[in-house]
Amino acid sequence: MLVLGLVIGFPLLGFLVLLAFGKRIGDPGAGWVGTIAIALSFVAAVVTWILLLSKHAGQRTQVLRLFQWIHAGGFHVNITFRADPLSVVMMLFVTGVAALIHLYSIGYMKRDARFHQFFVYLNLFVFSMLVLVTANNLPLTFLGWEGVGACSYWLISFWFERPSAASAGKKAFIINRIGDMGFMLGTFLVFENLHSVSYSQVLPAAHRLPAGTAEAIALLFFLAAAGKSAQLPLFTWLLDAMEGPTPVSALIHAATMVTAGVYLMARLSPILALAHAASTTIAIIGVVTAFVAAMAATSQTDIKKIVAFSTVSQLGYMMLGIGTGAYVAAIFLMVTHAFYKALIFLSSGSVIHSLDSEQSIRRMGALAKLMPITAWTMIIAWLSIAGVPPFSGFFSKGSILEDAFGRNELLWVVGVVTALLTAYYMGRLVFVVFYGKPRWQEVTKGHEPHESPRIMTIPLIVLAVAAAVAGLLNLPYSGLRFLHNWLSPVFGSALVSYHLSASEKVLLPATDAVVALLGVVIAWRLWRNHSERKALEPTVLLKGWYLDSFYDRTFARGGTALAKFGDRVVDPTIIDGAVGGVAWLFRWVGGLGRKVQSGLVRSYLLIMVGGIVVMLAYVLVSAAR
Amino acid sequence: MFGSLVSQLPIRLPSISYQAIGPELILFGAALVVLALSATVGRREHPQLYRGIGLFAAVAEGAWSANLLRLIDQHGPSLAIAGAISNDGFSAVVGIIVAAALVLTMLIGPGFVESVAGQGPEFVTLLLLSATGAIVMAQANDLIVVFLGLEILSIALYVMVGFRLRDGLSREAAFKYFILGGFSSAVFLYGVALVYGATGSTNLVKIAAFLSSHVLINNGVLLFGIALILVGFGFKVSAVPFHVWSPDVYQGAPTSVTGYMAAMAKIAAFAALLRVMMVAFHLQLEFWRPIVIALAVLSLVFGAVFALRQREIKRMLAYSSINHAGFILLGVLAATSGGVRDSLFYLGAYSVMVIGTFGLISLIQVDAGKVEGSLSLDDVRGLGRRRPAVAVLLAILILAQAGAPFTSGFIAKFSVITAVISVNEYWIAVVAMVTAAVAAAFYLRLVLALFSKDEAEVGVGDALYPVAVRGGSDQGLRLSTASLVPIWIGIWASVAITVFFGLFPTLLLDLVSRGKIFY
Amino acid sequence: MSIPGSWYLVVAALLFGLGAFGVLTRRNVIVMFMSVELMLNAVNLTFVTYARMLNDVGGQVAVFFVLVVAAAEVVVGLGIIVAIFRHRATVTVDDISSLKG
Amino acid sequence: MIATVISVPQLIVFIVSVVIIAIGGVGLLSARYPVHAALFLVMTLFGVAVLFIEEGAEFLAAVQVVVYAGAVVVLFLFVIMLLGVDREEITSFAGDTVRVALAGVGVALILAELFIVATGAWVTGAHAVAGKLSAGSNIGVLARSVFTTYLLPFELTAALLVIAVVGAVILSRRMSGVAQPRAHESREV
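Protein chains in written order, with my numbering: chain A, 19 to 643; chain B, 26 to 544; chain C, 168 to 268; chain D, 81 to 269.
Fair warning: there could be bad hints in the mix.
[Said to hold, decoys possible] Derived pair list, reagent style SDA-like, types lysine to any residue, alpha-carbon separation capped at 20 angstroms: (1) A:K613 to C:S173; (2) C:K267 to A:I54; (3) A:K387 to A:E460; (4) C:K267 to A:R457; (5) B:K231 to B:L504; (6) A:K387 to A:T462; (7) A:K128 to A:S375; (8) A:K613 to B:R334; (9) A:K41 to B:L62; (10) B:K541 to B:N92; (11) C:K267 to A:V607; (12) A:K463 to A:S375; (13) A:K73 to A:V61; (14) C:K267 to B:K541; (15) C:K267 to A:S616; (16) B:K231 to D:S217; (17) A:K613 to B:V326; (18) B:K231 to D:E138; (19) A:K552 to A:R457; (20) C:K267 to A:W606; (21) A:K613 to B:R336; (22) A:K455 to A:W606; (23) A:K41 to A:I54; (24) C:K267 to A:W542; (25) A:K41 to A:R132; (26) A:K387 to A:K455; (27) B:K395 to B:I542; (28) B:K541 to B:A91; (29) C:K267 to A:L610; (30) C:K267 to A:L490; (31) A:K41 to B:R410; (32) C:K267 to B:R334; (33) C:K267 to A:R129; (34) A:K613 to C:S264; (35) A:K455 to A:L536; (36) A:K128 to A:I54.
[To be verified] Label-pair restraints from in silico Cβ distances: (37) C:T257 to B:I36: 42 to 52 angstroms; (38) B:G67 to D:F227: 56 to 66 angstroms; (39) C:T259 to A:G609: 26 to 36 angstroms; (40) A:V539 to B:S477: 50 to 60 angstroms.
Calculated from the structure, these hints are not laboratory results. On a predicted model such as this, the values are computed, not experimentally measured, just so you know. Every residue, glycine too, gets a C-beta built ideally from N, C-alpha and C.
Turn these sequences into a full structure, and let the hints steer you where they fit.
If you want it as structure tokens, here you go:
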């Protein structure tokens, strides 16, 4: 399985080369080096896939062992990578989408002062992501998990000159820290109960876990996944993350990194299958996230915010799939989503690029004639995400909703309503941006927006084709369920299959199609000639349900209450966010530390004596029998 | 009458295992050689000679310990010299860690210290003597020997902290360290006295034997003694609330001494703490574990939180070392052989990186022409442009301290947390991880400052300490090339070791897992 | 019948407390240092008392070592104090507080 | 009743020496001049030495007087005179509420100790390990123990004393560096 090493090795090589010589290679060259590295990695991934395909279905799990990493008593961790149907699917779409986005970035980041550095981070990111999806044990997955987190942090604040970019990076960092804790604790629990952290040993032995422990492990890992995959209530960071360059949003915050949580849950499906309560929780959180984010998306005016909320919503769908045991459907949606969401982002990027970094849809409009390729690819992406047959979203979302229906009708109802909203808000985006009256004159100061260079449109076209036809991967007819047949050995008995009656099998997809078309029509009726409708854009939704400011208030004000020692002038930075509040509390305690450290020896002695007295009190308590 | 007869009998000296006390003899002997040479050759003519002897002694000590470890693996551990010291894997491994810390300091330290305080044999001598104390503490199988080792180490450190005697900050640091240290020594000693009263011995093995064969009806005095001993150790390792000295002393001491002190005091005190608790008081685990938990949790939390507000880098690192102490205490409170191993790993990893870190900070201070006592975040802003090598190396070491993957710091944190999980104290593991996350924030702040764009705001550090600086006369230090070469070797070695054991921790884990305590 | 050991122990404990109190309250660093010596003496008394109660020589030997340590500590400690005084002309502990924050 | 159990002369010696210790200790705490404090310290040391004798530690009593009272306290006095710091100190009891609270803490500490000590017979069962104290003359037994069981600690004191000497040399040598600020160039001590 040496070729697996190549899949991971090429991005690493690209990273190292760019790190060492990036500055010398210069503006377009560095981008090409990065792109080629990823493209080669994609080729290697294809070879891996073919090699696995040639094997019998039961023997498609291959492990590449490099060396022993940690060995401490019973605890050992090897640097081992795993090629199995699941990780190959992940590898293929990660490297494929990443290669296209690299190509696009060559055009997008042109003339940026730190052009080569951008590709250094991007290659490192792809490497980390591949480590994440191919690792054969939890600690190594965690390394990749941290690696993508760190790259995402750097890339969000890539334009750190903007203060908002820097603080957004910080927010992403801290919220992901909350999730990481879940990951580590989950790992420890797994090790405590199964005496191993290797997937090869843990997953087949998962059934030995006591039910309660399995629930706990599932919930802890879901905490990690919720942080990374931006589920309620931890999704606020993803919106701020849009401060990064658009290719970053496309690659990291739409196609790959944010889906890592879904991948992790799918990877741990044998444990999840034991945890019924946890699964139900995940399904509910998923569907609620999907709905809430879709509602919020209907009112945004920043084009990237719309897409970001849409991403959160789609991730909610994936978690719904995970929660209902429809792992294949979740992975299917993940793949198709990677295509159409990357496409939406890149198209938006193309628009933003031609409008000199303008992001408000209020100042766009009538761009379809000027940027035909961008417009058409965006429309394909819209129809895909809306679930209009026969575009890919129809099949992938349909299979999620089918299993949701099998689990509980209520989940299905919410899911369908969300689908309607999805078709609607994306339609709003398309009509307001590409049709209606031009409103961009102010921004462009006279000159007309023009189509992006070819290096940016080629990835758009490729992704558009993929988004349109990706449904072929898993058609809902017994012989044509390629992805299902490919993946089912991985999930085995964990995969839940619901039996639907013949009429349901016809009615459910029909409902999906009708709903999608309905959403398209409504959007057309409402937004064809309007760029603003106050009644349909309530502030509560524009502000993302006030979730962010709710955090501001609870944490920041809570902190303030603690410090109500006459200090009425609240530092303006406190109201900077939930993180600000917590950070402020820490700062306050830290300031207390500086007061304690008065420099007076006798005060120090007093503190020490205080410690001794407390200790002796404890002695008295323990000694008195 | 019979009594007087007995005392007439000739005294039979116990057999002395020179092999077991080889490390002490090498270091102490080298110190005496340096002193003797300086009297004949001339004090300041041959600074390189003294450093060379010191370095040689440190390496020899490490080699001796390694050989000792090999022999112990073959022939088994034993007690030596009338049971006063324990010749076991644990002491040999600690001997190796001490040697590593000493070698790095021998490379980095003298160049800096002697450029401020004048050249001479004293610094090298004190380094060797203090390391002798550390080895004694690691081997000690008797509370009296622990105390003597502690005092040898501490008194040498008091003097080293005050080595830049012409600077007010250094003198003040020495004084504070001394007076608080003297107080805590007295408390520690009182604890020893009470344990002696309760068990009839100061010998760890004999205490354990007594406690396992007798049930004390009234165990107050024993517990009292254990608690006071913990206070003494808590002071040495700077665990909250006995940490109060460390920010001041870390800041005031010559920077490379700070690194050495952070490393060596922790190695020695934790080694002795582990042995005392594991050997003598293992049966009292239920009693002392909550105390250690309290110390650990407080150190973790306050070390991390107090550092957030610091702009003074050396003080920030002092708090970070308090946080580290909390982590190492996790291994102690586990009180299992795994916990011992993980603590040793942490100590080894931490010592190497902290000495390197402070070496780099010394370099930055020399560059900036700063008083050694102060270096604020603003002073290092944009260092990545001016001195990329220094900035990158410092960033690596700081990230290692934060526990970044692929550095030994990550494995260290990971393994102590595993140790505490293995005794089912999950909440402590959670606390530790949360504080690691909080700590990551201030480490990151330092790293970001190193690579940020805007230049330094001038003179913040100077403005803060007008009084203190008055006594000194630091008109920009200059380092000769002859000093710079070993300094860079030491720094690179520290970074290389940190990264190497991050990539291949198994080698170090194998070593420390041979460090079993004999009882 | 001789005096019970516990009486000596109580005296020692009181002496230790007095010493600790002195370190905590006095402002003159030399007197603070003397108070530390008082604490060490209390420890010595404890050791000797236990030695008698246990009929064991170990406690007395310990005192012997404590005396040596105390002597060494005094030499270095007074050296530091002299150094400080030479530069700052103060032995008032509260004045020695430049390092803080 | 106590008198019936404990021999009267011993009791008198005990009480007298405790009184001496108490006066010395309290005096040390409240002395206004450092010199007085040093003298009070000597007084306490003498009291403790008497207690040592009463407990059969004659050698230690001698060492206590010679080394402690004779050498250590003289060193203290020497430094006090050298520095000329024998001036009145504002004792900290006045107007310092924090220190009063501190005093409370100190007292609590002592009371806690007393409570433990008062709870009684904790030494039951412990055997002499290092050697019987009653096995001969005090010095003889002590010497035997120092050169057998405690041989290593005894040798370690050598290292301790070397450090003290080196430390003293360093701390005092630098004094010359102050007189001539450029220490690098000043030739010798």
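- Would you check the hint for K613 (chain A) and R336 (chain B), treating anything up to 20 angstroms between C-alpha atoms as holding? This hinted pair holds, its Cα atoms lying about 14 angstroms apart.
- Holds or violated: are the alpha carbons of K267 (chain C) and K541 (chain B) at most 20 angstroms from each other? Violated, because 41 angstroms separates the two Cα atoms, which is more than 20 angstroms.
- Take a quick look at whether K267 (chain C) and R457 (chain A) sit within 20 angstroms of each other, Cα to Cα. Judged against 20 angstroms, a Cα distance of about 60 angstroms means the pair is violated.
- Below or equal to 20 angstroms on CA atoms is what counts here, so check K455 (chain A) against W606 (chain A). violated (53 angstroms)
- Starting from K128 (chain A), check that the Cα of S375 (chain A) is at most 20 angstroms away, please. holds (14 angstroms)
- Item | Restraint check for K73 (chain A) with V61 (chain A), where alpha carbons must lie at most 20 angstroms apart | It holds: about 19 angstroms lies between the C-alpha atoms, which stays within 20 angstroms.
- Message: Between the alpha carbons of K41 (chain A) and R410 (chain B), is the straight-line distance 20 angstroms or under?
- Response: Satisfied, since the Cα-Cα distance of roughly 15 angstroms is no more than 20 angstroms.
- Message: Just to be careful, I want the Cα atoms of K552 (chain A) and R457 (chain A) compared with a cutoff of 20 angstroms; is the pair within it?
- Response: Given pair K552 (chain A), R457 (chain A) holds - Cα atoms ~18 angstroms apart, limit 20 angstroms.
- Item | Given pair status - I54 (chain A), K41 (chain A), alpha carbons within 20 angstroms | holds (17 angstroms)
- Status of the given 50 to 60 angstroms range, CB of S477 (chain B) versus CB of V539 (chain A): holds (52 angstroms)
- Query: Hey, K387 (chain A) versus K455 (chain A), does the alpha-carbon distance stay inside 20 angstroms?
  - Reply: holds (12 angstroms)
- Between T259 (chain C) and G609 (chain A), is the Cβ distance one that fits in 26 to 36 angstroms? holds (28 angstroms)
The structure does not agree with the numbered hints 1, 2, 4, 5, 9, 14, 16, 18, 22, 24, 27, 30, 33, 35 and 38 stated previously, though it agrees with the rest.
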